[in-house]
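Visitor: Protein chains in written order, with numbering that gives the first Met the number 0: chain A, 0 to 193; chain B, 0 to 193.
These are computed hints drawn from the structure, not numbers from a lab.
All C-beta atoms, glycine included, are put in the ideal place defined by N, C-alpha and C.
It is possible that part of the hints are untrue.
Selected chain B positions facing chain A (Cβ under 7 Å, derived; list incomplete) [unchecked claim]:
| no. | residue |
| --- | --- |
| 1 | Ser106 |
| 2 | Ile108 |
| 3 | Val177 |
| 4 | Leu181 |
Protein chains: 2
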Amino acid sequence: MVRWEPGARERLQAAALELFATRGFEQTTTAEIAQAVGLTERTFFRHFSDKREVLFLGQDLFLQIFLDGVTAAPPTAAPLEVVASALHSATSFFPDERRSYSRLRQSVIDKNPALQERESHKLSGLATTIAEALRSRGVQEPAATLAAESGVTVFGIAFAEWIRQGEERSLATITTDVLGELQNLTRSTAPTSP
Amino acid sequence: MVRWEPGARERLQAAALELFATRGFEQTTTAEIAQAVGLTERTFFRHFSDKREVLFLGQDLFLQIFLDGVTAAPPTAAPLEVVASALHSATSFFPDERRSYSRLRQSVIDKNPALQERESHKLSGLATTIAEALRSRGVQEPAATLAAESGVTVFGIAFAEWIRQGEERSLATITTDVLGELQNLTRSTAPTSP
Numbered sequence: 000m001v002r003w004e005p006g007a008r009e010r011l012q013a014a015a016l017e018l019f020a021t022r023g024f025e026q027t028t029t030a031e032i033a034q035a036v037g038l039t040e041r042t043f044f045r046h047f048s049d050k051r052e053v054l055f056l057g058q059d060l061f062l063q064i065f066l067d068g069v070t071a072a073p074p075t076a077a078p079l080e081v082v083a084s085a086l087h088s089a090t091s092f093f094p095d096e097r098r099s100y101s102r103l104r105q106s107v108i109d110k111n112p113a114l115q116e117r118e119s120h121k122l123s124g125l126a127t128t129i130a131e132a133l134r135s136r137g138v139q140e141p142a143a144t145l146a147a148e149s150g151v152t153v154f155g156i157a158f159a160e161w162i163r164q165g166e167e168r169s170l171a172t173i174t175t176d177v178l179g180e181l182q183n184l185t186r187s188t189a190p191t192s193p
Numbered sequence: 000m001v002r003w004e005p006g007a008r009e010r011l012q013a014a015a016l017e018l019f020a021t022r023g024f025e026q027t028t029t030a031e032i033a034q035a036v037g038l039t040e041r042t043f044f045r046h047f048s049d050k051r052e053v054l055f056l057g058q059d060l061f062l063q064i065f066l067d068g069v070t071a072a073p074p075t076a077a078p079l080e081v082v083a084s085a086l087h088s089a090t091s092f093f094p095d096e097r098r099s100y101s102r103l104r105q106s107v108i109d110k111n112p113a114l115q116e117r118e119s120h121k122l123s124g125l126a127t128t129i130a131e132a133l134r135s136r137g138v139q140e141p142a143a144t145l146a147a148e149s150g151v152t153v154f155g156i157a158f159a160e161w162i163r164q165g166e167e168r169s170l171a172t173i174t175t176d177v178l179g180e181l182q183n184l185t186r187s188t189a190p191t192s193p
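My request is simple: use the sequences and hints to build the entire structure.
Guide: Quick look at the structure:
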């Protein structure tokens, strides 16, 4: 008989991250993670397919929150305005209470090339998803992919800033600043066509 | 005694790509690749550390050609102009004779998630390298990373278009068009500051 463990997933996730950060991702076993919170390895595998999944849980929700922002943008919004709406929607996924978790998670990923590859791939999947949503709104290529990829770039830069030691601004504030920088960047360049 | 095999690396690379494309990457062994061109598996491993390396050979050269373009830009160039110079330098790495090889390589990567992760990671390494070169020129953050990432986005879109079936324009021509689209994209958005 399987006994229901309230909050088991969250406890496993917190313990795993702690172990990954202190001992290293490779050096931590699923048995040790389970043991750290008094659960069995079997319980671990009821919640996660492998230890990598602990770091990449909730990816569907992560994508959906960007898509909600795309939907929320008015029909007349320019592509980059739609993307800005997606980015601002996503900031609700990362409230300030989550900052220290996100920071620790990133420190684990930064130390492991395979996790870095997985993270890069996750972000390129995000760009693909946003580009598709833009095309559904009638945005042509390459504008749809350019806008989506630029959005993911802005998100990546804002997120890295948000988790920097000592940073206290919210992700929403930083995102607005970086979006403004993107516009300055292309504006400060001499036009390529008359 | 090791006998010198003229062009062994290129023959192995061509045979490997052919096998990956027809049988699948996972299904192809290094022994089969070597055998296809009458060489031993030992010779294969003198040229490549594993079969994945066949697809990711020449990465240092790939990065260097973008950096050459950064160096070639005049000191007064705006960040995005420096990036445009890097992208145009890189087009010499992909002459039209290489298009069918690049197309076949991409079709192999597109079928394999692990190879896709590696490719995403390679492109994020390119962005890091260009951002560093921009910072050495005195470009501040986040402008340096934004410009570098935008450049890699433009490169990715232009490259995907270049290898599309039926596409005949050069990578240089497509790159110029996509850079223009990037500027239009940010111009068509209402300014966020007065």
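Visitor: Work down the list of hints and note, for each, if the structure agrees.
Guide: A quick look at each hint next to the structure:
1. Violation of the interface hint for B/Ser106 is found here, the shortest Cβ-Cβ separation to chain A being roughly 17 Å, above the 7 Å cut-off.
2. Because the closest C-beta pair between B/Ile108 and chain A is about 12 Å apart, greater than 7 Å, the hint is violated.
3. The criterion of a C-beta within 7 Å of any C-beta in chain A is met by B/Val177, whose closest approach is roughly 6 Å, and the hint holds.
4. Taken as an interface hint, B/Leu181 checks out: its beta carbon lies about 6 Å from the nearest beta carbon of chain A, inside 7 Å.
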